[in-house]
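Chains as they are written, first to last, in this note's numbering: chain A, 1 to 216; chain B, 217 to 432; chain C, 433 to 764; chain D, 765 to 1096.
Mixed in with the good hints there might be a few duds.
Between beta-carbon pairs, the in silico distance windows are [said to hold, decoys possible]: (1) ALA967/D - LYS337/B: 53 to 59 Å; (2) GLU49/A - ALA967/D: 24 to 30 Å; (3) LEU464/C - ALA1047/D: 21 to 27 Å; (4) GLU973/D - ASP574/C: 36 to 42 Å; (5) ASP574/C - GLY344/B: 16 to 22 Å; (6) LEU464/C - ALA804/D: 38 to 44 Å.
Worth flagging that the hints you see were computed from the coordinates, not collected in a lab.
For every residue, glycine included, the Cβ atom is placed at its ideal position computed from N, Cα and C.
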Amino acid sequence: MTDAIGKIELAKMFAHAAEEIRREHSYLSELDSVAGDGDHGTTMLRVAERLEAAAGANTPEDLGHLLRDAGWSVMGVDGGASSALLGTFFAGMADAAIGDASMDCAQVARAFEAGLAAVSKQTKAQPGDKTMMDALVPAVGAISAAAASGKTVAEAFETAASAARAGADSTKDMVARYGRAKFLGEKTRGSPDAGAASVALLFQGFYAGLAFERKG
Amino acid sequence: MTDAIGKIELAKMFAHAAEEIRREHSYLSELDSVAGDGDHGTTMLRVAERLEAAAGANTPEDLGHLLRDAGWSVMGVDGGASSALLGTFFAGMADAAIGDASMDCAQVARAFEAGLAAVSKQTKAQPGDKTMMDALVPAVGAISAAAASGKTVAEAFETAASAARAGADSTKDMVARYGRAKFLGEKTRGSPDAGAASVALLFQGFYAGLAFERKG
Amino acid sequence: MRMKKFINDPKHLVPELLEGLALAFPNKIRLLGSNIVARAVPKAAGKVRLVTLGGSGHEPGLSGFVGEGMLDMSVVGEIFAAPGAPRCMEAIRTAAKGDEGVLLVVLNHSGDVLSGNIAMEAAKREGINIQRVLTQDGMSGDPAVKDRRGLVGFLPVYKIAGAAAEQGASLDECCQIAERMEQNTRTLAVAVRTATHPSTGQAIFELGEDEMEIGMGQHGEAGTGRMKLKTADETAEIMLNMLLADLGVTAGEELLVLVNGAGATTLMELLILFRSAARILEAKKIKLVRSAVGEFITTQEQAGFQMMIARMDPESIRLWDAPADSPYFVVR
Amino acid sequence: MRMKKFINDPKHLVPELLEGLALAFPNKIRLLGSNIVARAVPKAAGKVRLVTLGGSGHEPGLSGFVGEGMLDMSVVGEIFAAPGAPRCMEAIRTAAKGDEGVLLVVLNHSGDVLSGNIAMEAAKREGINIQRVLTQDGMSGDPAVKDRRGLVGFLPVYKIAGAAAEQGASLDECCQIAERMEQNTRTLAVAVRTATHPSTGQAIFELGEDEMEIGMGQHGEAGTGRMKLKTADETAEIMLNMLLADLGVTAGEELLVLVNGAGATTLMELLILFRSAARILEAKKIKLVRSAVGEFITTQEQAGFQMMIARMDPESIRLWDAPADSPYFVVR
Ligand SMILES: Nc1ncnc2c1ncn2[C@@H]1O[C@H](COP(=O)(O)OP(=O)(O)O)[C@@H](O)[C@H]1O
Ligand SMILES: Nc1ncnc2c1ncn2[C@@H]1O[C@H](COP(=O)(O)OP(=O)(O)O)[C@@H](O)[C@H]1O
Ligand SMILES: [Mg+2]
Ligand SMILES: [Mg+2]
Ligand SMILES: [Mg+2]
Ligand SMILES: [Mg+2]
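Please model the complete structure; the sequences and the hints are all you need to start from.
And the structure:
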């Protein structure tokens, strides 16, 4: 058994990620209403739906095309900042996977790094600014590190999921500088960032999708 | 002593009428808010002010001119139906008094009849329709009757005041067919008409102004 | 509900808002003394003048429609109160300076009618050539009431008679055009939430939290159709059917449909309501030839709207489409 | 406060309101698939196209300004939510059909900026000649915040760049004119009462019964100036002074002043506030050369308003005065 993910694995990852979002969507909206406009959970529900559909029946076998379609489909959610950035993330992964029906851990790392680079082109937000970047940057970093030290894909996502969770939790004590929340300054301290919480849920789902697959 | 009223008497009549209105203006607004727009007291305060001023210093000695100016001044109140009709009433009295510095009881009766005729040209409302006509028509009728039977001016206004009061009271059980109230139909039964109540107060003041004069 | 309005001394509401209007639209209107709004540049000599009158607190109605192709003058009363006859007389005299005829457009509310009539009679005694049209488009919802209120139906009358006057029609012609338009117009108002009177801070009327009322007057005067809240589609259907029946509209006829916001009802809602109306007309094969959606006459921040229909013909369509340049109604 | 809105299924708010708009203004606009509003009659070939994008619930903004002399296309998002990049891309592609340049006008809100940028990059990869202007007129009241929100300051940008495009200016010229206008515009928003979100029925924000807040965003995002209610004159003075200081306006300069109602604040109040502003400018010997008072971008039935100032020059005045024929902004 080669340690790689193909369309079937991606579908399970997306399905589990969607499941996490559906379970937590009210909490996500609640977080967004502290400093934002309270719609983040609703937006993420639509994102989850499209992500799931993107790896469903009648979608490309080529993972590059699949990810590009997934990204543009997520961008197509009328949701504001989060769907645009998450869509950019998936679409950004595409080039690293064009022509491939499966990706090994090194390829997965390259794809997630490319996704992060695409997002970084769209936002100046850095870790520490209390945005989804606080979860996304360490999560992608963890995958790269895992790939470099020869870990399996599942192990890579296990470390990525806990890095994303830790990053999201760390936003609790930060002050927002990007997005709608930026105008509130100090008032934003005390509760975690909604987008970062979503990213942690997505990576938790990715890992669960793979872990389930391996065990199942 | 001839039994007649001149400018001095008219001034006292208007002043006492104004006093009555000032005392009852909140009640008048309250009555208007049952079926109308609740502004009748405010309008009548302005009417009272202008009536008082119309017989004050630097106003014509000729009662005809004085009454015409008084009427147009009252019509100039931005108040809606009541100020327009009451202004018409006073302006309508003018022709019967042009050139006179005083009026005896017969002249007073002719003037009030002319005032009523002018009002009747502006509204189709009749006694029974729950409007100021329910007070105005019997009041003017009482003056005419008093003049015909040789009563004094003061006696004429005494009967006029009680006729107006009785007329106003009778509106309590009527259903409105004119003014803003007309759209409410049966809902208007149970409380007296605001404009009729005002007319009763005016005639009560007219009488008080004369009675005070005679006694004083 | 506490009054949260940006005002100064409530006694000065009317002069202040009119001064704001004149400062904002200096090339369209100007103020004459005593709260009369006139066109900045009077119409060419020899053309019929349109004069209207009415209370304030309904902005942009009525003075927002003074301008080229519409009104020549608007006599402005206090909040919700008709202007007195003497000022109406003053406006008519000024408008009639050059011997042109004057068409007085009066909305059917007792105070306005009385002031208008008294002024008109006085003007006639001075030899002024004047005629009056009374707009009474507003159904109360009770078929027994024959005397209707003047609601937003003044707008097509101003527009169409204003265009005719601008094009040189005689006073008789303008009056006939206005009368014809008026007779072919029906409006129903619905309210769902009251407003506060800006002078007194009091609520204008009361309505339950789940109620709406069809057939109301411009100032919250009661209608006859108090009912539970309905959807946009249901509300539009109830109202449009009442309007069509009352005006006797049949398939194939051509209509102007106007949806007027009362104040707090959003343009989003007005557009959704207009869509409902347009679809119902389509199903009935009645032709929607012209339309207007927005706030033309308001009652402070009342929530609700007026739905108006008017039967059109080629002549009235042509006049409706003619250029106009008032502060709050511009046709290019 | 219970939601009392005339709507149908809250899921269909946007397509229904757009259908209403298209039915009400068939000779001005039409709908392309997927909630894109376009001019009924496209501009002559060879002229620069103006495209904008943004959420709904703010009617008449933004799609109410599609039309001759203003916008060519508006990409409409959900209630208070930016449209996604794919639909923005679709609009840009359609607008750029004849090889004309496209000026994308984006209001500074994260979601809109992201969708706009992603679409613009994709358009450039397809060889489309496109430039972007970001409107960021909205002061939050906190001088430390450098990144401003896009409030009603989009209106002069649409108007002036739209007129330039109509008159044949190149994409570079249109972009420069728009940028210059944008940099010379400042807006402050104040709210006194919240609105209900039409999809959720929830209040958008909270505010005490005797409070107002200066510096708010278009969706009730908090500002920094929560204070007790003030009179119209006091409020206008506080806001105008902040605006003038921030834009660095000095005596003798020429300004456009715009007062935009948030939804439930009456035109009566807007006119009274405009009067206050005009008088303060007069005292400071700053020239009020153009003005606009009305509802241009709302937040449902929120009570409050935006005050906007823009430094004008002969060129921008000429373009502001040029003809326009959109549903909710017409210049004759
Ligand atoms: N400029 C930005 N860079 C990175 N993340 C951002 C940015 N703006 C917003 N976000 C993220 O998006 C989240 C809000 O998403 P959402 O509520 O769906 O969009 P919106 O703020 O447009 O309503 C924030 O919590 C934050 O994590
Ligand atoms: N057409 C009419 N004929 C006679 N009296 C009328 C008419 N319309 C109104 N009134 C009188 O005016 C009174 C209301 O006056 P007021 O409240 O001052 O005016 P408005 O109704 O215009 O607000 C009514 O109570 C009624 O007596
Ligand atoms: Mg949000
Ligand atoms: Mg009254
Ligand atoms: Mg009144
Ligand atoms: Mg949002």
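Evaluation of the provided hints:
1. Distance hint check: the CB atoms of ALA967/D and LYS337/B are about 55 Å apart, consistent with the given range 53 to 59 Å.
2. In this structure the supplied range 24 to 30 Å holds for GLU49/A paired with ALA967/D, their Cβ-Cβ distance being about 28 Å.
3. For the pair LEU464/C and ALA1047/D, the beta carbons lie near 25 Å from each other, so the given range of 21 to 27 Å is met.
4. For the hinted restraint 36 to 42 Å between GLU973/D and ASP574/C, the CB-CB distance of approximately 38 Å keeps it satisfied.
5. The hinted window of 16 to 22 Å between ASP574/C and GLY344/B holds, with their beta carbons roughly 21 Å apart.
6. Between LEU464/C and ALA804/D, the C-beta spacing of about 40 Å keeps the proposed range 38 to 44 Å intact.
The structure agrees with every numbered hint stated previously.
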